[in-house]
Amino acid sequence: MTPMRTQQDQHIQNAAPVIELRQAGKAYSHKPVLQDINWQVQTGEYWGIIGPNGSGKTTMLQLISGMERTDTGTVLLEGRDISSYSRRRIARFTAVLGQEGLAPLHYPVREVLTMGRYPYQSWLGRDELDTADELIDQIMERLDLRSLADRPLDQLSGGQRQRVAFGKVMAQQPKLLLLDEPTTYLDIAYQIHFMEWLDEWRRESGITIIAVLHDLNLAARYCDRLLALNEGRMIQTGTPQQLMQEETIRSLFQVEPAIVHHPDIHVPQLLLKRQ
Amino acid sequence: MSRKATLPVLLFVALLVISLVLTTGIGSVYISAGQIIRILLYHLPFMQHWIVPDWSGASEQIMLRIRMPRVVLAMLVGAALGVAGAAFQGVLRNPLADPFTLGVSSGASVGAAVLIFTGYEYSLFGSWTLPLVAFVTGMITLYGVLMLAREQGRIPTNSLILSGVVMQSFLGAIVSFLASMSEGSVNEIIFWTMGSLSLRGWPYVVVMLPYVLIGILFLWTQSRAMNLLALGEKEAAHLGLTVDRTKTLVLIVATLITAAAVSVSGVIAFVGLVVPHMIRLLIGSDYRLLIPLSALGGGIFLMWADTVARTVLSPTEIPLGVVTAFVGAPFFAYLLHRYKKQRTD
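Chains as they are written, first to last, in the working numbering: chain H, -13 to 261; chain Y, 4 to 348.
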């Protein structure tokens, strides 16, 4: 996969953290949703953000993607204030994949994937990467989308559309990928497929990933590090082993957990007791 | 643009040229297509030596002074309204939006009518005054309609159309009132509210051409942005589009070309609705194709509509807006029905 960036490239490019939040806070109509967040994400890390509903997870992604400004503190993207970047510059660096996937539009799959190239196109639509067409071909090959290339989105299933959404994000060639509960509407087979594709892509490109995940077991299996949020405050950061403790989960989600170990891979997994 | 795009564009260009020749020929005095082409060629530089004029001076005069400017104007007005409709639908992400249903046409007609009835139509910027003032009042109307339709930061389809209708009837009343005050005839009222291209010569074409040409070209450059917007505003922003700026620019330019059309032809309904939707049925929703084809298709549609308007009850003319409404209103009903069904599915 030559057009993908190698891990080496990224290390050479910048030593500053990919994302840094300094005392970042955000309020909606005087109600604080995030307060005093201090957090650094280094190149190549795979973070999962966990926490109950309304704890500020999505707002955190909004700040990191530059869609919302902080009310207090700052967000730095590669060491520079994120508000100093244009939308286009951010789009060349950061891609976002949400839970809804793509709307069922009457656009063919190939066209939608090419839209991922928008931040690299001139106003006439010329891509600055000469091999952009091959890049799209490779992505389609990899995600099993080749047979769907000319089919419009509105004829695809939800799972297929989510795959197209993923392909579009890959076409964007970001250095940082933000995921907002990307597996919510997928069945368990697709969830695993999705996470495996992501892992493979990450190993090849050295991309940095920040994912908001509801499914703690997926988070523990795939992320290197977890950040726990509660009521807009950062409770704890650490490895899945460190965070997936019964006590932490109990106080975070108000549930009775039982932590077990995955039989094949040594990560903690969560079972819930009846209350 | 891909090879896939070339064929429909060429086809529409061919249709446009054929329509131009045929509709120029049709009328109380019939002029054959061959003769039209020879007269046209004869007026090109250096061609006089090759073509022997075998036509009457009268038919040449009818063709060049009366029919041609009118047909060309119909083409330009149709192109402007077709593209404006596609652009409004694109940035408002509302399938029922068009210059007429949004009230923009009526808004522009108020500005134009006030100028004409008060006799200030050539003040300030000469012959450019009319389209510019129509643009300003069209813009104010659009802003009013969008504000009226807004519910918690979103603009639902139905309330947008409702707001458009409210504005339209109010502004239409103002225009009718002005027309009745101006001791002009009933014809004037009909002209402004129903649209007409009668008695329009080349000067009107000259006034309108730059606005429409530049406007359409600009909107064409925004076609990839409109494709992104179809994915949703958030999605488009994540792909690097400055959503608010793009939307504002497109709305402004679409209003400008609408205003240019309205100031020469009055309010012609539904062109911006019928034409882009027909094109969508043919080639899909890719705005890179939809914009140029809406321009060509709008031109073709209005040339024929105007031919119907001036010939069917000849020597009486039917207002052009009546002809387009006969086609457009049922089509609007069909779209309403279709999107209602889509929402409940």
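Watch out, some of these pointers could steer you wrong.
[As the list claims (entries may be wrong)] Some chain H residues judged to face chain Y by a derived CB distance under 7 Å, without partners named: (1) Y71; (2) R74; (3) V82; (4) P90; (5) H92.
[To be verified] Far from chain Y, some chain H residues (derived; all Cβ distances over 12 Å): (6) A2; (7) G30; (8) M53; (9) A77; (10) G84; (11) E97; (12) A151; (13) D173; (14) R260.
[Stated by the list, open to error] From the derived model, a few chain Y residues whose C-beta atoms are all more than 10 Å from chain H: (15) L19; (16) A36; (17) W58; (18) S62; (19) W131; (20) L165; (21) F180; (22) I217; (23) L234; (24) L244; (25) R283; (26) D289.
Note that these hints are calculated values from the structure, not bench results. All C-beta atoms, glycine included, are put in the ideal place defined by N, C-alpha and C.
Hints versus structure:
1. Y71: This interface hint is violated because 10 Å lies over the 7 Å limit.
2. R74: Holds. Min distance 4 Å.
3. V82: Constraint on V82/H satisfied, holds at 4 Å.
4. P90: With a closest approach of 10 Å, the P90/H hint is violated.
5. H92: Given a least distance of 5 Å, the restraint on H92/H holds.
6. A2: holds (22 Å)
7. G30: The claim stands: G30/H keeps its Cβ more than 12 Å from every Cβ of chain Y (closest is about 22 Å).
8. M53: violated (6 Å)
9. A77: violated (3 Å)
10. G84: With a cut-off of 12 Å, G84/H comes too close to chain Y, as the shortest Cβ separation is near 8 Å.
11. E97: At roughly 7 Å from the nearest Cβ of chain Y, E97/H sits no farther out than 12 Å, so the non-interface label is violated.
12. A151: For A151/H, whose nearest Cβ neighbour in chain Y is about 9 Å away, the distance does not exceed 12 Å, so it is violated.
13. D173: Check passes; 22 Å lies beyond 12 Å.
14. R260: Per Cβ check, R260/H is outside 12 Å of chain Y; nearest 39 Å; holds.
15. L19: L19/Y clear of chain H: closest Cβ-Cβ about 24 Å, beyond 10 Å.
16. A36: holds (37 Å)
17. W58: It holds; W58/Y is separated from chain H by about 45 Å at its closest Cβ, greater than 10 Å.
18. S62: holds (45 Å)
19. W131: holds (27 Å)
20. L165: Holds, because the least Cβ-Cβ distance between L165/Y and chain H comes to about 24 Å, which exceeds 10 Å.
21. F180: holds (44 Å)
22. I217: holds (15 Å)
23. L234: The claim is violated: L234/Y sits with its nearest Cβ about 6 Å from chain H, within 10 Å.
24. L244: Answer for L244/Y: violated, closest chain H Cβ roughly 7 Å.
25. R283: R283/Y not clear of chain H: closest Cβ-Cβ about 8 Å, inside 10 Å.
26. D289: Violated, because the least Cβ-Cβ distance between D289/Y and chain H comes to about 7 Å, which does not exceed 10 Å.
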